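For the record, the sequence lines run as chains A and B.
Taking my numbering as reference, the numbering of the first sequence is continuous, increasing by one, and the terminal residue is 127.
Taking my numbering as reference, the numbering of the second sequence is continuous, increasing by one, and the terminal residue is 408.
In case anyone wonders, no lab produced these hints; they're calculated from the structure.
Owing to the predicted nature of the structure, the values given are computational and were not obtained by experimental measurement.
Some clues are possibly wrong.
[Said to hold, decoys possible] To list a few chain B residues with every Cβ distance to chain A over 12 Å, as calculated:
#1 2
#2 133
#3 247
[As the list claims (entries may be wrong)] Below are the BS3-like pairs computed for lysine-lysine, each with C-alpha atoms no more than 30 Å apart in a straight line:
#4 A:60 - B:147
#5 B:147 - B:234
#6 B:234 - B:259
#7 B:3 - A:60
[As the list claims (entries may be wrong)] Some, not all, of what chain B presents toward chain A, calculated at C-beta under 7 Å:
#8 122
#9 129
#10 243
#11 264
Note that CB positions come from ideal geometry on N, CA and C, so glycine has one too.
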Amino acid sequence: MSEDSAQNGRPKRGPRSKRIRPYALTGGRTRARHHLLVETLVSVPSYDPTLSETLMPESKALYERARGQLSIAELSVMLSIPLGVVRVLISDLAAQGAILIHPTAHTYHHDRNMLERILSGLRELPV
Amino acid sequence: MRKILIVGAGQSGLQLALTLREHDYDVTVMSARSPEEIRRGRVMSTQAMFHSALQSERDHGLNLWEADTVRIEGLGLSIAGPDGGRALDWFAPLDHYAQSVDQRVKMAGWAELFEERGGKLILHGVTTADLNGLVDLYDLVVVAAGKGELVGLFDRDAARSPYTVPQRALSLAYVHGLAPRPEHPTAPGVRFNIIPGVGELFMIPAYTLSGNCDILFFEGIPGGPLDCWDDHPKPAEHLRRILDLIERFLPWEYERCAKVELTDDHATLAGGYTPVVRRPVGNLPAGGAVLGMADVVVANDPITGQGSNNAAKCATSYLASILEHGDKPFDQEWMQATFDRYWASAHDVTVWTNALLQPPPPHVQQILGAAQANPAVARRFVNGFDDPSDFQDWFLDPEKAAAYLATA
Ligand SMILES: Cc1cc2nc3c(=O)[nH]c(=O)nc-3n(C[C@H](O)[C@H](O)[C@H](O)COP(=O)(O)OP(=O)(O)OC[C@H]3O[C@@H](n4cnc5c(N)ncnc54)[C@H](O)[C@@H]3O)c2cc1C
Numbered sequence: 001m002s003e004d005s006a007q008n009g010r011p012k013r014g015p016r017s018k019r020i021r022p023y024a025l026t027g028g029r030t031r032a033r034h035h036l037l038v039e040t041l042v043s044v045p046s047y048d049p050t051l052s053e054t055l056m057p058e059s060k061a062l063y064e065r066a067r068g069q070l071s072i073a074e075l076s077v078m079l080s081i082p083l084g085v086v087r088v089l090i091s092d093l094a095a096q097g098a099i100l101i102h103p104t105a106h107t108y109h110h111d112r113n114m115l116e117r118i119l120s121g122l123r124e125l126p127v
Numbered sequence: 001m002r003k004i005l006i007v008g009a010g011q012s013g014l015q016l017a018l019t020l021r022e023h024d025y026d027v028t029v030m031s032a033r034s035p036e037e038i039r040r041g042r043v044m045s046t047q048a049m050f051h052s053a054l055q056s057e058r059d060h061g062l063n064l065w066e067a068d069t070v071r072i073e074g075l076g077l078s079i080a081g082p083d084g085g086r087a088l089d090w091f092a093p094l095d096h097y098a099q100s101v102d103q104r105v106k107m108a109g110w111a112e113l114f115e116e117r118g119g120k121l122i123l124h125g126v127t128t129a130d131l132n133g134l135v136d137l138y139d140l141v142v143v144a145a146g147k148g149e150l151v152g153l154f155d156r157d158a159a160r161s162p163y164t165v166p167q168r169a170l171s172l173a174y175v176h177g178l179a180p181r182p183e184h185p186t187a188p189g190v191r192f193n194i195i196p197g198v199g200e201l202f203m204i205p206a207y208t209l210s211g212n213c214d215i216l217f218f219e220g221i222p223g224g225p226l227d228c229w230d231d232h233p234k235p236a237e238h239l240r241r242i243l244d245l246i247e248r249f250l251p252w253e254y255e256r257c258a259k260v261e262l263t264d265d266h267a268t269l270a271g272g273y274t275p276v277v278r279r280p281v282g283n284l285p286a287g288g289a290v291l292g293m294a295d296v297v298v299a300n301d302p303i304t305g306q307g308s309n310n311a312a313k314c315a316t317s318y319l320a321s322i323l324e325h326g327d328k329p330f331d332q333e334w335m336q337a338t339f340d341r342y343w344a345s346a347h348d349v350t351v352w353t354n355a356l357l358q359p360p361p362p363h364v365q366q367i368l369g370a371a372q373a374n375p376a377v378a379r380r381f382v383n384g385f386d387d388p389s390d391f392q393d394w395f396l397d398p399e400k401a402a403a404y405l406a407t408a
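Construct the entire structure; sequences and hints are all you get.
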């Protein structure tokens, strides 16, 4: 039977702390944590080559790429990793504090370059 | 810690996820929608659940709405006669009450509870390509995505699936303001109204976003007068059409409807699906295997109100199979055995449900008629909704039915 389309109108949260410990979070705070929209930007707050060595190949590729700030969609396209896999791996990396999830795109609505990059990322997404 | 991925945040997937979290498993659930989107979305079911399924939730502290939810104390059957009257009309108590908690309330709440209990909730509509990439990252991937597109991974089991097209056109509305049945005003019950050759109307007390309510749920035989929802009417028109049909076919129920109004803007649903049993192991294009769960593998018509009950029972059964398997690999053999164990009970539900979609054979007419005069017969029928395996011993077999009625 009918299914509402996902991802629309999700409330966005304010700034979040850099380190997110798994299993230690409760209720409202966790909720927005893993809501990774295609346009959500991620980056590596402080690159750790030792950590990189311990990661599985796809997580490692994401970690390396995210050293420059990128959107979820861009990462999926650049690395040819399905969007769902990117979401799972990024949220695991974020839970370890290895990757920082930025407040979502509407925060950037004055930044034309950023918006264009996000849009082109979206266009390339294999849906 | 063993890593388990569950696709689909419905009755079966979330119940399994939450109960696995009581043990030492790293559990990720992928849900097409956020809890807030589920809450703000459309109603999905009538989800009436009987005692043993409810108990499986209570056992794990998942019955968060039990105290607030109206208790369904019995089940009544009416069959419309030719003159606007009733050929049969009886009510029998359930040994233990049933309840229906709107899945919008329950699944949203359970998804949040799952996160609070250390589970990982990822919002994503999962595709086969995703599963290809994800299957190697987990010890086990369970697909609990209901009747969504991922069922394509699981082959239809033709020997167990007698139907190839939907057997009913489904249409429902959640309402406030329904008056009680005058025969049992203080004992809320599910009313099961049969219109021979046309379909059925269920009236189900339930709990929704705005408190207790009732669900008006038509099951229409395809091509008949209840099969009239293809134009997807807007909610107000949808309710009006349901009420018109009740007035036309079931005037005694229409009397209760004078004050009904929709519970909210997303309180109506229409559609239909083909009952089907599928093979439990889904083989991915890249070679991995995933295990199907609940509606993915056994989707019966809701005429017997068993899908959520089955989903809960499937969660209980799969949990036991996972725990008992310890550290051994979740290979395809284990997947098949895990399903077979669940199928042992789902089989009885499937056979009974598929039978009720057909015009009642003479021995069933006799049973339903005997129930009018003999409360013991009515009681046995009604309590079979909690344990449908009992129907094999009398209801489904003309000889056993005759033998039982002779002694009842
Ligand atoms: C009209 C109607 C009335 C019913 N009445 C009753 C009743 O009275 N009693 C009863 O016991 N049963 C009833 N049922 C059946 C019951 O609702 C289902 O059998 C039960 O919900 C199945 O549980 P499930 O966990 O298998 O799937 P669902 O509860 O359907 O959950 C599946 C979840 O997976 C999600 N999903 C789907 N695809 C994807 C994807 N690709 N990626 C991520 N997530 C995905 C869906 O959004 C959904 O949240 C009724 C069903 C209908 C349609």
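Of all the hints given earlier, name the ones this structure violates by number, lowest first. When the structure is compared with the hints, numbers 2, 4, 10 and 11 turn out to be violated.
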